[in-house]
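Q: Top to bottom, those sequences are chains S and U. Numbering of the first sequence is given in our numbering, commencing with residue 9 and proceeding in unit increments. Numbering of the second sequence is given in our numbering, commencing with residue 2 and proceeding in unit increments.
Any given hint might turn out to be false.
[Claimed, not checked] Rough simulated footprint, nothing fancy, chain S against chain U, three-plus residues with beta-carbon under 8 Å:
no., stretch
1, 10-22
2, 62-68
3, 89-102
4, 124-130
Read the hints as simulated data drawn from the structure, not as lab findings. All C-beta atoms in this analysis are idealised placements derived from N, C-alpha and C, irrespective of residue type, glycine included.
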Amino acid sequence: MSSSAEPFPTRLSDLEVARLRADFPVLAQRPHGRPLAYLDNANTTQKPRAVIDAESHFYATDYAGVHRAVYELAERATRAYEAGRAAVRRFLHAPDAHEVILLRGTTEAINLVASSFSRAHVGAGDEILITAMEHHSNLVPWQLACEARGARLVVAPIDDSGALLLDEFERLVTDRTRIVAVAHVSNSLGSVNPVREIVEIAHARGVPVLVDGAQSAPHMPVDVQELGCDFYAFSGHKVYGPSGIGALWGRRELLEALPPWQGGGGMIENVTFEKTTYAGIPARFEAGTPNIAGAVGLAAAIEYVEAVGVERIAAHEQQLLVHATEALREIPGLTIIGTAPEKAGLVSFVLDCAHPHDIATILDREGVAVRAGHHCTQPVMQHFGVPATVRASFGLYNTREDVDALVAGLRTVVEVFG
Amino acid sequence: MESAELRELYQTVILDHYKKPRNFGRPEGADREAEGRNPLCGDHFKVYAKLDGDRVAAVGFEGSGCAISTASASLMTQLVAGRSREEAHAIFTRFHDLVTGSGDVDPASVGKLEVLAGVREFPARVKCATLAWHALEAALDRPGESVSTE
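One chain only, chain S, in its complex shape:
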């Protein structure tokens, strides 16, 4: 079959990227008189006009409490909120929107599972298995769960490229393992974990798998049914949506077997002073008035990303990664931290002459926004023997010029410190 059978080119053209950039008002500014090269997308992404307008329009025309009142305005608000849930289901290729819990973000989603799952299924002497590349938000909640249940946190090691040692991982799945929690993509190294293999290994021993998807959506197509995982968590603000909204997807039978997490309005079936019975999913896990407008904005963000095409965004970011990796290797004294064979669109590095914090300050004055620090992965920094790294992470609106501005800024750093 010829490639012309493809419905559209597999990557974004320069012209398309230029057009997409115009959708993001924030990118028009010139910090310190320079064009803004926003390369901190693994931290959070900027918002297209469509998302900003959707949220603002919702507040102006359709806002009311959801799932409560019978008046028409509230019905519209409820429909808009539920459309957010439906968009998440579609985005993750989940079978059923009831399996989508709308929460504040990845951190809250993982805390929910860590807390509720461990109360139901983890006891003294049991084990929870994570990897050495986890963000603190897929580490600390499990530590807390282990402390509460008298269980042990087991950490699968990574190699010097930052890739998971799958054989070691397999060896660490034991009869005591109650759940596995892994990042789909490492936020500080960029390594892509082989989630399907991980799931296969864990399921062979009857162990469910939670995937921290904060760095995979929307940098690659996500199909939870194809991945085979049992829980998947992601944040709206990293998919060009609002902050304060995100989602947990979980298999129905697993979610239904979890005890409630937070108590409050909306999550009950019937309350007396003696006994409360709880609503079914997803309401059981959405106590209190939710981030209604956030869900509306998230739906707009997902529609935006779908219209551009997740595969094409992924291809575009891979191109930037290749260009950045090649260009950075030319800088004297620069070491890339995280060189796994499969990487998402981010690059972490150190310079032998300057500290990441100083590098980021100089880059800022050149209009380049990067993250410097431990990226909430202190154990990863310890593994590589560095206190911190500089991280440039790409989004759909980044260009080769952004990468070139980064490289030029680094040459200035070398000039000052070298």
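Assemble the complex: chain S is given as a structure, and chain U must be docked to it using the hints.
A: Leaving out everything else, chain U in the frame of chain S:
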């Protein structure tokens, strides 16, 4: 480097103290110590002091940090040695006001620390400039304690 602010921030004295920090290590006879951490960027210093009555006889430090935090720590060890605890505290107060741009501090009143005056143009870096100082205060007033910038 085009920016005058950057040139002021990373002037020669600061780069020199960053690359060759003075009084790096534990001074002999040190009887006080405290740790300072910036959890956001991973900077981590241990500050040692040797007290002779109320006088700070010697100060040293260990650890790793950026140019600003390291230079500030290095300059601090030179500036504080031989002073009373009260004088050391007063220098820090003036220095803190200088780098946060609060109050009307004569840069000359902080001696060699004047080279760090440029930090006031970089609010995100104030914590770097003051990290070792917070640790020194802890060592003198609350020895053994660990301080954090957060």
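Q: Against this structure, judge whether each hint is valid.
A: How the hints compare with the structure:
1. 10-22: That given contact holds, which follows from 3 residues of the stretch 10-22 of chain U lying within Cβ reach (below 8 Å) of chain S.
2. 62-68: It holds, with 4 qualifying residues against the three required.
3. 89-102: violated (count 0)
4. 124-130: holds (count 3)
Against the hints set out earlier in the document, a violation occurs for number 3 only.
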